[in-house]
Amino acid sequence: MGFIGQNGAGKTTTLHTMLNIKKTDKGQIKIFGLDHAKDEKEIKKRIAVVFDEMPFHDVFNIKDISKIFEGLYPEWDDAQFMKYAERFGLPPKQKIGQFSKGMKMKLQIACALSHNAELLVMDEATAGLDPVVRDEILHIFMEYMQNGERSVLMSSHITSDLEKIADMVTFIDRGKILLSGYKDDILGSHGILKCDKDEVKNIDPEDIVSIRMNDFGAEIMVKDRESAAAKYRNAVFDAAGLDDIMVYYVHRDEKEWS
Amino acid sequence: MMALYRSLVYRELKLTRKHYFLYLVLYSLMGLLFMVPLVLSGEGSFDKKSGLSYETGKSIIQMFAVLLALLGAVTSGSTNNVQKMDINSGWKRYSYTLPLTAGEKAMSDFLLKILVFLLFGVLSSVFVLGISYGSGYDVMCFMLNMYLIMSAEIWIVDVIDSGAVVIGLNSSVVKSVLITIILLTAIFPVFGINLFTGKITNVSTGAEYSVFDLAERSSTLIFSIPFFVVVCIGYYLIMRKAYERREA
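Top line first, the protein sequences correspond to chains U and B.
Letter 214 of the first sequence, counting from 1, is numbered 214 in the numbering used here, and no numbers are missing.
Letter 10 of the second sequence, counting from 1, is numbered 10 in the numbering used here, and no numbers are missing.
Worth flagging that the hints you see were computed from the coordinates, not collected in a lab.
Virtual Cβ for every residue (Gly too), placed ideally from N, Cα, C.
There may be inaccurate statements among the hints.
Capping the alpha-carbon separation at 35 Å, the derived lysine-lysine pairs in DSBU-like fashion look like this [said to hold, decoys possible]:
#1 67/U to 241/B
#2 67/U to 84/B
#3 176/U to 95/U
#4 23/U to 45/U
#5 104/U to 49/B
#6 14/B to 83/U
#7 45/U to 84/B
#8 83/U to 92/B
#9 18/B to 41/U
Computed, partial: chain B to chain U, Cβ under 10 Å [unchecked claim]:
#10 2
#11 14
#12 85
#13 86
#14 91
#15 96
#16 98
#17 219
#18 241
#19 245
#20 246
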């Protein structure tokens with residue numbers, strides 16, 4: 001599942017609260033049907049987390065990391081970890097402080113994938129990486145999910161990554177879920193209607209998410225592209241990407257923006 | 001469970017090994033400096049060769065033992081900055097995503113400290129054995145009492161400092177509090193102990209004892225060992241509480 005929203009929307013806060021890094025004010029969080037605070041240890045044996053920044057000390061090397069993690073997770077697979085390290089080109093004796101940003105991220109991912117976690121939680125894990133490394137990492141995630149018993153919850157504002165790998169998408173803004181569902185359904189139902197500025201008044205407000213005005217006319221995000229196409233037969237419709245959906249939903253209260 | 005603590009202690013030891021190694025070398029050099037001349041000069045020869053009275057000779061040898069105990073306690077007990085390093089590297093936040101309880105984190109901090117405490121304790125004992133052999137004054141019990149009590153005091157300061165770091169309190173505020181506590185302890189007699197004069201007053205009889213006189217009695221171990229054990233338990237409980245705290 002892709003977890004998207006603009007900066008400050010509450011993605012990291014949501015993940016930190018889920019992981020019991022932050023306290024909850026009220027309510028209850030369940031992961032695998034277990035209480036996130038009471039059953040914390042049990043849950044954390046079954047999940048893996050990748051943050052946007054490297055959490056390991058610079059003085060360690062791959063072998064140190066392996067020694068540390070083998071005691072932390074009952075299902076730690078050292079051979080698997082070394083296999084990933086080799087595949088990612090991580091030198092076993094070099095200090096982590098000398099790794100590049102991409103290598104550090106790969107190391108975090110190697111740790112996350114080496115204890116048979118059922119849920120992989122990633123917080124902006126691909127931010128700051130070049131497209132080649134991002135693509136490689138996304139490919140690894142797809143491989144990891146192949147057995148059908150593992151899931152990835154990936155928070156990102158790089159929607160192109162999610163368009164590649166996510167089956168489902170949840171979009172949040174100001175701490176509230178605005179949209180959640182299968183990515184293809186969301187992409188299929190939304191569309192951008194293009195028309196002249198004076199034709200905007202003919203569009204039913206119920207169909208509109210928000211309207212972007214520009215020098216050439218208006219671009220209207222509609223929630224139900226199929227029914228809008230039937231209603232407004234002469235209008236031109238463009239497909240909407242996750243980026244478009246995010247931008248138009250962020251401006252939903254203004255209705256008209258430019 | 002053993003594998004878990006082995007991993008955690010290995011991590012902390014790897015981070016602090018340079019810090020402890022440097023202290024260990026300096027401490028060993030100091031200990032050898034005290035011990036070797038006495039051992040080489042022959043068994044029990046200190047007061048005979050120096051021409052000092054028995055009491056003066058004993059005071060000098062006790063000062064050697066106090067210095068060994070004090071420096072051993074400070075080097076083994078003072079903060080090793082693991083908590084600060086963990087915050088700076090992002091490990092503290094990451095550790096909340098691992099299957100670790102606050103008690104396990106506190107226990108690993110404690111285990112590393114107690115290991116270093118034991119190491120310096122053994123070293124101090126070896127040096128004091130040599131000093132006792134060379135000087136003819138038995139200061140082993142004296143040194144052990146001093147080491148235990150001073151270590152306990154250093155641990156108290158460390159747990160306040162480290163606990164505050166873990167819960168995110170401003171370190172300058174913590175340092176001010178610690179300095180105030182130390183000054184107040186020095187200025188006012190606490191529980192009949194005056195740190196300026198080194199005298200202990202029996203509150204019920206008014207009789208005064210020297211700290212040195214009490215420290216050389218083996219019966220004082222009945223007080224110093226439980227005192228250190230209580231501080232160890234306190235250390236664990238405070239660190240556990242600090243690790244239980246979550247961001248608001």
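Here's how the hints hold up against the structure:
no. : hint          : in the structure
1   : 67/U to 241/B : holds (27 Å)
2   : 67/U to 84/B  : holds (22 Å)
3   : 176/U to 95/U : violated (42 Å)
4   : 23/U to 45/U  : holds (20 Å)
5   : 104/U to 49/B : violated (65 Å)
6   : 14/B to 83/U  : holds (24 Å)
7   : 45/U to 84/B  : holds (26 Å)
8   : 83/U to 92/B  : holds (27 Å)
9   : 18/B to 41/U  : holds (32 Å)
10  : 2             : holds (8 Å)
11  : 14            : holds (6 Å)
12  : 85            : holds (6 Å)
13  : 86            : holds (8 Å)
14  : 91            : holds (5 Å)
15  : 96            : holds (5 Å)
16  : 98            : holds (5 Å)
17  : 219           : violated (42 Å)
18  : 241           : violated (15 Å)
19  : 245           : holds (9 Å)
20  : 246           : holds (5 Å)
Violated hints, in rising order: 3, 5, 17 and 18; the structure is consistent with all others.
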